[in-house]
Amino acid sequence: MNILSLLIFIPVLFALVIAVLPSAWRHSFKFIALGATLVQLGLAVWIYCNFKTGAAFAGVNHEEQFQFIQKLPWINLDLGTLGKMQIDYFVGIDGLSIALLVMSSAVLVVAALASWEIKSNLKGFFVLFLILDMAVIGVFCALDFFLFYIFYELMLLPLYFLIGMWGGARREYAAIKFFLYTLFGSVFMLLVMIGLYLSVTDPATGRHTFNMIQMMNPANYQPGSVFAVVSQQSILGFSARSVGFIVLFIAFAIKVPLVPLHTWLPDAHVEAPTPVSIILAGVLLKVGGYGIIRIAVGIFPEIAHTGAYWLGLLGVISIIYGALNALSQHDLKRMIAYSSVSHMGFVLLGIASMTTEGLSGAVMQMVSHGFLSTMLFFLAGVVYNRVHDRGITHFRGLTTIMPKYAAFVIVAFFASLGLPGFSAFIGEAFSLTGAFKSASVNGNLPHWMAICGSVGILLSAAYFLWTLQRMFFGSLNLKGGSVWKSALTDLNFREKLTLMPLAFIALILGIMPSLVFDKINESVITFINFLQVK
Amino acid sequence: MDFLQAIDTLTIKFTLAAVLLPLLAFAVNIFFPAKGSKVSGWMSTAAILFSCALSVFVFAKVWDTNHLVHQKVLWFTIGDTKVYAGVLLNNLSVLMLLLVNLIALPVHIYSLAYMRGDAGYSRYFAYLSLFCFSMLALVVVDNLVLFYMSWELVGFSSYLLIGFWFTRHKAVQANKKAFIMNRIGDIGLLAAILLLFSAYHTFDIDSLFGRNTPAALNPAAQLPVIWQYAAFAGVFLAVAAKSAQFPLHTWLPDAMEGPTSVSALIHAATMVAAGVFLLGRVYPMFNDAELTFLAVAGCFTAFMAATIALTQNDLKRILAYSTISQLGYMVMAMGVGAYSSSLFHLVTHAFFKCLLFLVAGIVIHQMAHIRDDNKLDIDPQNIQNMGGLRKKMPLTFITALVGGLALTGLPLTSGYLSKDGILIQAFEWSEHKSRALMLVPVFAVIATWLTAFYVIRLIVKVFFGKFRLAEQYSALYLHISDGGWLYKAPLVFLAICSLFPLFSFNPVGYEQSWLYTGMSYPGKTAEAGFIHFIVPVCVNIFSLLVIYGAYTIYGKRKLSPFSQNSALWQLSFNEWYIDAFYKKYVVKPVIVLGRSTFWFDRRAIDGFIHALGKLAIAASKTAAWIDKFIIDGFLHTIADAVHAIGNFARRFQGGKVQYYLYSMLVVILAVFIFLLFKY
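One line per chain: the protein sequences are B and P, in this order. For the first sequence, this note's numbering puts the final residue at 534, and the numbers step up evenly by one. For the second sequence, this note's numbering puts the final residue at 679, and the numbers step up evenly by one.
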């Protein structure tokens, strides 16, 4: 059994177990789900340790260099004159996916631990949770576009129900908004996917293929096909490949999310229960970033190159705009949601720079944000679960009654605002390094963009410290008075157990970033070289 | 060669130990807080004591040997860029290493007494150790990434310590302000570092700003002009934020909300000097225009802060503005090419300013005692309440006097050696410059006289005359003294360090000082001349006059030359309205901007989305209507028509023969008529 397939489908097995168990055993469901994620994390760590590095394992556009590959023919239809349809079950990882894969497995464990707060309809919740788990892991492993698309769409369904059924007061609005936004992107992605399928042939079999790695090689495009590299086709007067890139980019940009396609995010986060917020911020946003790197930029590199200026601009706008919005929030979760928008802007800036530093910084920023946003949402959940209120101005001087909680909040806030020694600093600093360097290497981004990006670091200090000052410092003053005061107990064992490793990981990645960089360097260099060939 | 290498390795190991010991103390104090005991205090103090001893050793090994100790290991590789971590020891770094430790040690000892009984005793020492670690790391690291990391960690520990009493609203306002203003400098530094990196592909301080390469050929001087200036602007922002230079100085007076021992260590002696240290590290990258800018900016800050210090009544605030002013001298000195005098002043200032703050701490502590003992509602930091304390606290008074005279820069003190050096070189520099730049040394000298004035005002108001509180409240219970040896020893030590013998055997010749010669910058030759004699003489004679004047005004209360309603007095008292300006024109607009982007989010973007949603619903309703009334309507019409025709035709099938015959007749008749008319 291939370990990646095992990693992907283990949650489904556990989900089946939960589904057949009688509801009377519902108190065991959370442990089963936790067990599933822990097994998964164990496998992910094993994969991480056995992941080979070196030029021979760079991956990216060399199919044979991917690791832990499993390739099975899946759907093979003879379409008569239309040729043969070839869809493979094809999974494998390289440096671009390994870090995100391991990070996601860890985040899912935390999400499972955060699910303790769920009290109603446990069977439904955990079954959906585990299906979602399978889908997000599958997305990072899939190398066949069709398979990728299936996993990608499969994420939507459980999330819709998880937000819509277990969410807050406006959950239905948030769920439908989220669903439609994302669906809007992916429907058009489907068209591009089919177009690519019809354009690309597998040189070995001569059939059309959904293989993403084959799609990266311009020689595999049939002359005269829609997305052929040499003979430029046009759609409605625009270059077909540009249209293809833009459509894919928008689909993933909605997930990232980039301003102005981001408004589903604050609503979804505010309404979603804590575990779902964690998965949303920790993993789902990274699917967007990953998709932009591997699919949008990877398949249409020359378009990405000409459009890099606009990508960078969108990144900078997201950084500043998200930060300004975060500054004006009164709801803790919404503030964190907007900070996510701001932080993910650095990812795009790094990608747009198309330098090794920028891309590595972007991946690092995604990994770091995965852990830190998880921590932030978990912390927001702590106070919400106790008093069912998240208004920043409704609390004051929380440090006096919850010192341990405050300590973790301080760590999480400072780590998120890019304090050196924590992972976010490395991610942001090197995304910016790439942006600064880009002007002299490939001229993608002007210097001013990089400088504007660094203003985001300043603003992030402003909104985090302001929140800290308003909620945690000063003399104790709670909106709910003494009722709240007795309800606001300090962290319990489970919460400390969850937060401690997260804080530790953020610290260790900040001090030893080589834990990530060593695994991804070769792939990043190969990817950048691949972009430059075009 | 191997032998030398081994010695270097040993030196590096000692340096690392000196840097990491406080970190260890921090970790132990934060993870295993000793509740209710004094273990944590002694732990941090012991850590700093050992690191002090180690730094003395390192200093002796490296100082003036003309040998650069530089070792590094690979930290991580990103893409194809290798980032190293290493230690770079030259005269500048070992001097700072020793200085930070020498200041931190007395402050630690003092804190043992000062923080006794505070609920956050362990936390305090943990933070203090964290600060020492980051500051020590800052001065020895060999590349700009690590430099930036320690630079920001220093700011972070300062944030923690300013807001140490986190239940005080003012303290948490102040620490937020300090961190955010420092962040402005941080992004400047980051931008400068990244600009340099994108041009030279290295973060290594030695290869970027090495002394071995002549300044003109230094790679950092080869940037395209505009980016050279951008990098300079970034560095200047960093310096202005950390070293509290105009326009980013306003956080420092507010930072006085922290414990006074913290103000002494961080906000007077060490952290705020980091900006000047940075200038020293990257000095070769500046061109002439940039140096001139530094000189003007520093001179302006020195003058402005000195004018503000004249009218403040808060003991610590006066000292804070005095710190800003002195830092302005250092920056100005860098600008006029008095590189070694600038760093010399950094060192002497660290000692006497730390001393003055520790004195202020004792005075405030005693005033707070009086307030608590007598249940008064007074501000223990307000110098209007003090007076005559010299009799109650003689040692404090004497050391304060030493510190104050050193700050003024009178002969026999260390301040004289360093400050007059700066003034002399400023005059020398201005000789080769345009007329307008003559104002730089002139204003620097005026600021010196202002310094003399506010120092004497402070000392007289605190230590001379009669105790004002006793005048207001009779039957005041007074129980004040210098305090125990934990208070006294640091004062005495720092007072001795504020006198000339530590630095030079010649009390009037700064050029003979070991520190001056050790830091001298290659390519700079001292010009002996008229200025060397006339400047110190004139400055000091006039200073003495100012001192006498101030003493008559405040000591004997004979004259009151200043109207509190005059515009100048108001300008000074309100700190040049700079904070008010920032609040109105920077902070508010940013918040308004944030609100308007949120409004845009809600109204414009979401509005658009909602409009789309409504459009879709409207379209679907239209479709439903069309379905119902047009498509279905058409079908229904057809069906109805068929139905009606059927109904009509049904009546013909009545089953009666007469009807059939009758209808046949009608049909035939109709056909006949039709044919008749047709043809």
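Hints should not be assumed to be uniformly reliable.
A few chain P residues that face chain B, going by a derived Cβ cut-off under 7 Å, partial list only [claimed, not checked]:
no.	residue
1	H70
2	V73
3	G79
4	G86
5	N90
6	W165
7	V172
8	L190
9	Y200
10	R595
11	D601
12	R603
13	G607
14	Y662
15	V666
The calculated DSBU-like cross-link candidates involving lysine-lysine, where the alpha carbons are at most 35 Å apart (straight line), are [as the list claims (entries may be wrong)]:
no.	chain 1	residue 1	chain 2	residue 2
16	P	K38	B	K519
17	P	K588	B	K485
18	P	K556	B	K404
19	B	K119	P	K375
20	B	K52	P	K170
21	P	K628	B	K496
22	B	K123	P	K170
23	B	K485	B	K119
24	P	K82	B	K404
25	B	K485	P	K170
26	B	K479	P	K588
27	B	K519	P	K584
28	P	K82	B	K479
29	B	K479	P	K72
30	P	K38	B	K496
31	B	K119	P	K583
DEER-style ranges, computed between Cβ atoms [as the list claims (entries may be wrong)]:
no.	chain 1	residue 1	chain 2	residue 2	range
32	B	G391	P	L612	27 to 33 Å
33	B	G206	P	A616	40 to 46 Å
34	B	G443	P	Y200	49 to 55 Å
35	B	C49	P	L612	44 to 50 Å
36	P	Y477	B	A487	52 to 58 Å
Quick caveat, the hints were computed from the structure, so don't treat them as lab data. We treat Cβ as the ideally placed atom computed from N, Cα and C, and that holds for glycine.
Item to check | Hint check against the structure, violated hint numbers in rising order | outcome: 1, 2, 4, 5, 6, 9, 12, 13, 14, 15, 16, 18, 19, 20, 21, 22, 24, 27, 28, 29, 31, 34 and 36
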